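Undergrad: Residue numbers (the numbering used here), protein chains in the order written: chain Y, 98 to 251; chain C, 1071 to 1578.
Note that these hints are calculated values from the structure, not bench results. On a predicted model such as this, the values are computed, not experimentally measured, just so you know. Honestly, I wouldn't trust all of these hints.
Calculated lysine-lysine pairs in the DSS-like style (CA-CA distance at most 30 Å, straight line) [stated by the list, open to error]: (1) C/1347 with C/1507; (2) Y/145 with C/1347; (3) Y/145 with C/1164; (4) C/1354 with C/1366; (5) Y/145 with C/1366; (6) C/1347 with C/1366; (7) C/1152 with C/1354; (8) C/1164 with C/1072; (9) C/1164 with C/1152.
Cβ-to-Cβ under 7 Å is the rule here; a few derived chain Y residues that face chain C [to be verified]: (10) 126; (11) 179; (12) 235; (13) 249; (14) 250.
Glycine residues also receive a C-beta, built at the ideal position from the N, C-alpha and C atoms.
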Amino acid sequence: MPDAAVVARTAEICREHAGREGALLPILHAVQSDFGHVPALALPIVAKALGVAVAEVQGVVGFYHDFRAAPPGRHVLKICRAEACQAMGGTALADAAKAQLGVDWHGTSEGGVTLEPVFCLGLCAAAPAAMLNGVLAARIDPTRLAEMLAEVGA
Amino acid sequence: MKIFVPADAAARALGADAVATAIAAAAERRDVTVQIVRNGSRGMVWLEPLVEVETPEGRQAFGPFAPGDAESLFDAPSVHPKALGLTEEIPFLKRQTRVTFARVGVIDPVDLVDYEVNGGLTGLRHALHLGPDATIAEVTESGLRGRGGAGFPTGIKWRTVANAPGAQKYIVCNADEGDSGSFADRMLIEGDPFSLIEGMAIAGFAVGADRGYVYLRSEYPDAIAVLDRAIILARVAGLLGQSVLGSDYAFDMEVRVGAGAYVCGEETSLLNSIEGKRGTVRAKPPLPALQGLWAKPTVVNNVLSLATVPMVLAQGGAQYCSFGTGRSRGTIPLQLAGNVRFAGLFEAPFGLTLGEIVNDIGGGTATGRPLKAVQVGGPLGAWFPPALFDTAFGYEEYAAAGGLIGHAGIVVVDDTADMAAFARFAMEFCAIESCGKCTPCRIGAVRGVETLDRIAAGDAAATPLLRDLCETMRLGSLCALGGFTPFPVLSALNHFPQDFARSKEAAE
Ligand SMILES: Cc1cc2nc3c(=O)[nH]c(=O)nc-3n(C[C@H](O)[C@H](O)[C@H](O)COP(=O)(O)O)c2cc1C
Ligand code: FES
Chain Y
98 MPDAAVVART AEICREHAGR EGALLPILHA VQSDFGHVPA LALPIVAKAL GVAVAEVQGV
158 VGFYHDFRAA PPGRHVLKIC RAEACQAMGG TALADAAKAQ LGVDWHGTSE GGVTLEPVFC
218 LGLCAAAPAA MLNGVLAARI DPTRLAEMLA EVGA
Chain C
1071 MKIFVPADAA ARALGADAVA TAIAAAAERR DVTVQIVRNG SRGMVWLEPL VEVETPEGRQ
1131 AFGPFAPGDA ESLFDAPSVH PKALGLTEEI PFLKRQTRVT FARVGVIDPV DLVDYEVNGG
1191 LTGLRHALHL GPDATIAEVT ESGLRGRGGA GFPTGIKWRT VANAPGAQKY IVCNADEGDS
1251 GSFADRMLIE GDPFSLIEGM AIAGFAVGAD RGYVYLRSEY PDAIAVLDRA IILARVAGLL
1311 GQSVLGSDYA FDMEVRVGAG AYVCGEETSL LNSIEGKRGT VRAKPPLPAL QGLWAKPTVV
1371 NNVLSLATVP MVLAQGGAQY CSFGTGRSRG TIPLQLAGNV RFAGLFEAPF GLTLGEIVND
1431 IGGGTATGRP LKAVQVGGPL GAWFPPALFD TAFGYEEYAA AGGLIGHAGI VVVDDTADMA
1491 AFARFAMEFC AIESCGKCTP CRIGAVRGVE TLDRIAAGDA AATPLLRDLC ETMRLGSLCA
1551 LGGFTPFPVL SALNHFPQDF ARSKEAAE
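Same shape as in the complex, but just chain Y (with noise of 0.2 Å):
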């Protein structure tokens, strides 16, 4: 997308959140659901429509997980990494998923499918459970999780 895109973008959500308490995570969530990441770009026009500091935004920015700072790949993959999950063969599909892929966490494969961990999905009770471009699948094992990447075409 063009920088002058990403700048009127930015600034009509801005507006549309215009006198909310506490605008700024919303804001961010509705930046990154439009670009798929925050654009560094956005950030001044963020911060000047909330009347605070550049840093402060790259610093709330910074500290959750959910904002990225670069663009995922064409499809994104959640697997989960914690307990419930891991007692159920978590850390085989996580692996089986890294060697499919040819990534660690948070790296993006030739395929365009960028790979994050996530730290429970709700879905304990039928764990391992994954999220593959926002959609959830439980009680997963690598064979299903090929079938999933292949369906979306990854």
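Chain C with the ligands: place on chain Y using the hints.
TA: Using the frame of chain Y, we list chain C with the ligands on its own:
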């Protein structure tokens, strides 16, 4: 013909949407008119997707249901290969005492009429009739304690906020539910969102707050969508707004989505996050009850604490208090997770022993292998070996056994589990999630990982170091993230020393 197919996130993650589509298509082929209700989950997750068909005798259950099972549902339901009989007669459900979860899985979650027909709004109406003071008294009498982990009496917290000076006060619902093994908040919001809205409206009335926020984690997209929708419906129906249920009390609320930080479940970090700041922990005092959101008096309560309040008001505090054991009154929605055969949600009065919970109710491990240990209360909770399975489920009972009940998530592992690896994970998790404000947590957790690696490499001298480090974290951390991480670490070391020794042998 009325058919229920859960839209609960776990049911959907196990294929419920495809099941609903297949049932609708099969019905159309046969020219049968069906009404498909997307309900919450009954909590028997090993049977999901659990389809129910309404009959004159009651709801008949079928599960775990696959799209291919749809055709025969219309042929001969009684001999359907997935038939489970009447839902209410399934032992796992029949043995429960459902108070907080009474409507979850039963009603259409976003149908306010269905909610009211099933007892909804009785509590709020009663509160409006009683007045704020008597409402707080009722909650206090119920013995209800915070379900988010710390177990603080809800009525006393409300009284503090009610008495605090100030025109602007807030109700904040903690729906951050970051604990592994926990999913009750999610199930409640997806299955009965109006009970949370009603509970928050009662809280606002009781303490004099006109505004509420639900801080809901981003990992729960379905719950966010359901609650957003329910709030809109509640406004339209006059349950929220300038005149709640026609009274002169005004209350409105909105959802704020988290951003993937575990520590934001800690109440002061959560308040910073809603304010649009980094989610660092605030020093206490001041208590959030006196200076919370934007420094205004604020009730911060867990989803389950708030969603239980309508029932307390509807049935009376004494009735709720009649359940339970010791100082743990009422019921607790237990969440059976990980390597357990009958995984899901089981609501029961406090007091069951851990052995009853994981063996009788949970049916032992899912793999069928011997059960090795159980972690109660999330990533900051202790591991319990079978030798401690006679511990009764209650706040004080768990503290006495060297643990905590937390949010009542229970993670089971079998004999293949490596407890040294779980101890290392606990430290790693603390290091990743530390808000960075205090040194014992921020640096201690990193040192903890290193020290556990030394132990794994066979360095016996590292074990006392680990104990020292845990003591420093326990005593010096600002909040329970650093303060309680020693629970899973030391319980693993104390109850399963052979796992730490085994890694030593492997290294030699
Ligand atoms: C690191 C940490 C994480 C927490 N996470 C949660 C959580 O996800 N949900 C919750 O309700 N309480 C959580 N708590 C407890 C809250 O600080 C607070 O005690 C609770 O929200 C109060 O509500 P209650 O009295 O209804 O339990 C957490 C505490 C700590 C220290
Ligand atoms: S621990 Fe993986 S979904 Fe909860």
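Undergrad: Under the constraints set out in the numbered hints, which ones does this structure not fulfil?
TA: Hints 3, 7, 13 and 14 are the ones this structure does not satisfy, whereas the remaining hints hold.
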